[in-house]
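**Student:** Here are the chains, one letter per residue:
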Amino acid sequence: MTLTLRRILAKAGPFIGLILVIALFAIPSENRAYFLTYHNFKIIFTQTVIVSIGALGMTLIIVSGAIDLSVGSTVALTGVIAALLIQRGWGAVACTAASIGVGCLVGLLNGSAVAGLRMPSFIITLGMLGICRGMAKWLADNQTVNYDTSPINSWMTTADPRGHALPAGVWVAIALAAATALVLRKTVFGRHVFALGSNESAARLCGVPTVRLQIMVFALAGCFFGLAGVFQLSRLRLGDPTVAVGLELDIIAAVIIGGASLNGGSGTILGSIIGALIMSVLRNGSQQMGWPNYFQEIIIGVVIIVAVFLDRFRRGGKA
Amino acid sequence: MNPAARLSLDGVRKSFGATQALKSVSLQVAAGEVHALIGENGAGKSTLLKILSGAHEADAGTMRLDGRPYRPSGPADARRLGVAMIYQEINLAPHLSVRENILLGTESAALGWISAARSRRRAGEALAGLGYAHFPLERPAGEFSIAEQQVIEIARALLIRPQVLIMDEPTSSLTRADTERLFEVIGRLREQGVSVIYVSHFLEECRTVCDRYTVLKDGEAVGSGAMKDAGIDSLVAQMTGRPVSDLYPRTERRRGSAVLEVSSLSRPPRLKAASFSVHEGEIFGLAGLIGAGRTDLARTIFGLDAATSGTVAVHGNRGAATPRQRWRQGVGFLSENRKEEGLMLNQPIRDNITLTKLGAFGRMGWISRRRQTAASVRWAGDLAVKCRDTDQAVGELSGGNQQKVALARLLEHPANILILDEPTRGIDVGSKAQIYEIIGRLAAAGKTVILVSSYLPELLGLCDTIGVMRRGELVAVRPRGEWTEPELLGFAVGKD
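As given, the protein sequences belong to chains A and B, one line each in that order.
For the first sequence, the working numbering gives the first residue as 3, with consecutive numbering after it.
For the second sequence, the working numbering gives the first residue as 148, with consecutive numbering after it.
Keep in mind the hints are simulated off the structure, nothing from the lab.
Among the clues, some could well be false.
Ranges of calculated distance between the beta carbons of each label pair, as one might list FRET restraints [what the hints assert, rightly or not]: (1) E487(B) x W293(A): 44 to 54 Å; (2) E487(B) x G132(A): 28 to 38 Å; (3) V624(B) x L272(A): 48 to 58 Å.
Every residue, glycine too, gets a C-beta built ideally from N, C-alpha and C.
Bound conformation, chain B alone (with noise of 0.2 Å):
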């Protein structure tokens, strides 16, 4: 055993009932290092974490910070011992101050009277360390975009100077931009000697931030390593034990005729006159950063949101646009936001696949939940859903699991225009190549896809024509083989 490290894990288990989440995992942390922790969903890293932050015990093996045993009896155990967890889902309280936040629960008061100059120079001083001196200190929280929350979190999280910050999925809601002052902000805690143990799906991520990786998988760690040492493609192949190059499968594809006409559609300030239309058998890219207007733009194709300008022909129809329309048109669309508004998650799966076309399920109103189930258990199975049956509750599935039940609905409806709005965000490796696979397959059957993607090997992998946006404008559009990845992020940004 390494004795220079500050976080030692070896051998530690954890069992749930009979399912082994953890068999014998063992990982090192120096001191100032940012350590990757990657692997599929499932492969046991949100037990890990639960451990190491000590929201669960481990059932066997040990732990040392800085040599000594680490034991921590509950979170606020671990955060006195010096480690810390800033969760994926923002924790703040929406209607305090800046500073109240960060200094919730730590608050610097005498006989119960908070002491405004003192915790003033407490939170300034949190937010100074991270290179946010300018913050408004008493601005209601709740006023400041994702990134710049999280910024008050991690303020948080360091004021209790933590040896050990774990980090679980930061940059899933960040742009580009937010994403790389995060990285400086690690970069700072990095050269204070703070231990940054980094949970990312995000591989070119952990590439560029992290100096050490370990991978796990089934609950065991298969592999690990210095960073620089380490390509994305074998990480994907330590992650799901399966080379990469089979990831997105390149169809034979038809190019039809156009199904889908946009012209000048807008809904200002976030989509301005955008036109371009796609074919049968086309998977159509869009680029660009994030509130660059992808969204706007699918959801004002789709009707839940109205353009103020501008037309949308399906077929040639250039009828009402609403999403109850859409459907009838054989146009389908996948939430980016898969819970607040994709899927009913306290539903049963069943619900939740064939609730765009209950009443095709019996007459006059009446449902056949027989045939409503036996449509549902085909498509959990074509799909490999893990469930236990389709009157499972969706919430209760892992989020690729999830993905695939709201991927479900488009493919029972059926449409055939497909409008997909980050399908693999959030979702292990193992579930993004089998939703590559379904999109490469319904392309070569003749349905038409638009695919929004911040990810852009994904764009380049499976697209036929990529269009980029850029503050509400569609600036390019060409064929895949016109782009590569630099020049598309150079629109995206702005460097024409």
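The shape of chain A in the complex, shown without the other chains (with noise of 0.2 Å):
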């Protein structure tokens, strides 16, 4: 009986959860009328997506046994360096592909030191947090960086806010959530980094180039980083250095409400999302139910507390 409903818990658990957390702001009246309305949705996964797109990356981290502080400081010095592009005259996919190339550089950074010294990730990226929100202020002069427009700024948005197209991020988020799912699920590279975060021994002696995949899971989630960074840009219209702070916690809370241990060897990309939009739903809810910011961030803490006390259950007691 237990093992059947352990197996249930094992494949639905953070969707079972989602649906608790929409439930439970859909059932006072006076808010239901407004909380369970498309339009509502649509602002709910705009919120997301720039956790969603940092969780993909720190799913695959985290899946390698590893883990990442940086993000939120990889997130601003993006950001930073696309606006500044912006000033210069370049476009909207030029200065993309050059803030996914910087945070791809910082994931080499993080991912060479962590691999080929040996070295903690957590030191590392916590090192990696710092050097880069550093260079974020730096180069932006310690302030923020205007600019007249861009077309990055219409990415979070919709030219009709009350229509019911999804901005152009939402779409984006969700054709790398289905791409970065299949191929960790379906891809060698992905097996293998699974094979990484189970037993970096047993994944070497089988032939596994443990070094290298290492360092391309860090390289890899560093893309994702620098363009949630882009979409960070988008949403603020300006680049902010001291933007996303804490982001990186943010993230990682998506990922382990979606199920991934942090001991490495499992974790799912879905799970990572729907832990992303547990958390922005409950932001939303709160808000419209008129909770105080610190009531918010007592739900959240619980939330992270309970989801990984139900994954304890659901494996059997070692989590």
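Got two chains here, each in a separate frame; can you build the complex from them with the hints?
**Tutor:** Take a look at the structure:
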């Protein structure tokens, strides 16, 4: 009995969580009328884009058995760089490519230090958190980087705010999530990432190029973080070197709520996306209920702990 | 019922859901008796130990300790009543000192302040009782060898002056010399009147150290008696329900050309200038004590550790030695350390079997899950792996089945030169027999096997050629027919 219950939880756990959270805000009648509208969900989806794209990269890293604390700083750095390039007249595509490139470079450095120097990823990326934040402030001369206009500004909005169309950013996030999920499940690279996170020694014994693979994981994740930086820019419409402080913690929370283990070797893209949605729904719903900010923070904190506790249960006590 | 028994069990039953793990087990252990509890994996030993140590409660039956009913409510209660257990895995806090570890949970303290003098005396006495009075009490436990750490654990268990001490596979990671020392410790316990329940897969050891035995099979005690009246063969026959004669298959083998040539391979201090060659259709055994360099030799050949000098030629090819390169050359490696290096415990059986060649199950880096599953299902069937399906995490399987999965990886690859490091360590006799049969079949099919084993009968039973290592050197290589067990042992310990 418990075994089947566990298997159901294992497959659908985060999804059930999402439904519960939505139900929580749909029950009070004064709230329901607006909360359950398509328009509100459009807002929720849009608000989830940045965390989702970050969660794609973070899922790769956490499944591989590592962690990345430098995401918020990377997002700020790449956003500032994109803003500076817009000032210099670069096009939207070129700016995006540059941001992704910088994110990738940060990931390469993180990965090389983690795999090459055999240092704990927690330490390396904690250092990188400071380095990127400092670089962002330096490049931005410690102030916001303003620019006239750019097509990037429209990626997180739609021409008709009341219409049914979703912003480009939402579609990009959905497409990337689908692609990353496929890569993790169906490719040699993806299964090697699981092998690396599950047991690095066994992976090495089986001929998996573990050092190269760890670097690739960080670099690929860095590309996602760079792209998240572009969407952050699109939302703010200026380059802010102090933005996204603590974003990495939201992203890690999304991945963990989604069922990944910090020990590596487990986690799914769908779970992480649902984890990100759970947090967005909580924020959105709390705002509509008129709950103060600090109350939201407490709720999200509780949700993280409950999610990991349930995860332990469904794994049979071994988290 | 024997009134003199220190510990007596009568009709103990235990079920988990529909599975009956123990069907009416009776057992008598006298004071000062070392009692072997033997049986294959899954025979119910672990369940019985858990009931004895208070981790599980029996469904039915009675247990008595010194004539009084014994019903522990948990491991702490069992210890209080006088039954202590030493687990197979070392449970020490490596950063704490020997003294702190021994006294953990029972510190000599006044108002929370630990009395250094008193705790040193208590820890020292516990160690002295085991013949280890010289142990430095203030060094961190993690700096000691596994064998010494085990002594620390035993000292900790003895602190409560138990009447019954249960030892679960205490020698599984000990060298022969350390095992001897452990036996001396057990001898001292016997003199002090402590009853020891000794669980081990190593039947020779049980015969050396135990007075009486009980054999468990399928949750029942199928035999018991005095150890001096029982031969290994009869014990194995009781455990498996079949005679021992066909444990080691003598397959028809044709020795072909040399496929792996090792010359002056070194990685000091553990490996010094080893040279030998192995041929198609040959099973080459490596004997020696633990720490003699056998595993180092195997790992260096496979490229897991880098050689400082010397060469390895696979099919005449002296290229780079990395695990990746070796798999490409058709060399496979089975680690002695199944859990830490051999398998990805939280990953499915399927991925564990196919990890070395995932690219072969599809094109351009994509994997066909269907083909991958088909291949792993076939091996799970061929090797009789007991599992729900190949999607099951390999960590949920029993030791013997895990080892079959690890071996299936080499067969699926397929490796033509198989380096097997302690392939039968810690698995039950039934699985052992199956693995011997597979090894025999592989050699008959013209494959090459390098077998590292600490179990001499296994080497003598299976191998065509046996080399002995001692202190990092390969000191002798001879055909099997020219070796006897005492000679192998003599070379291993250094009596040339």
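**Student:** Give a verdict on every hint.
**Tutor:** Going down the list of hints, with the structure as the test:
Taking 44 to 54 Å as the suggested C-beta distance range, the pair E487(B) and W293(A) conforms, at roughly 48 Å. Evaluation of the 28 to 38 Å hint for E487(B) and G132(A) yields a pass: the beta carbon distance comes to about 34 Å. The supplied range of 48 to 58 Å is met by V624(B) and L272(A), whose beta-carbon atoms lie about 56 Å from each other.
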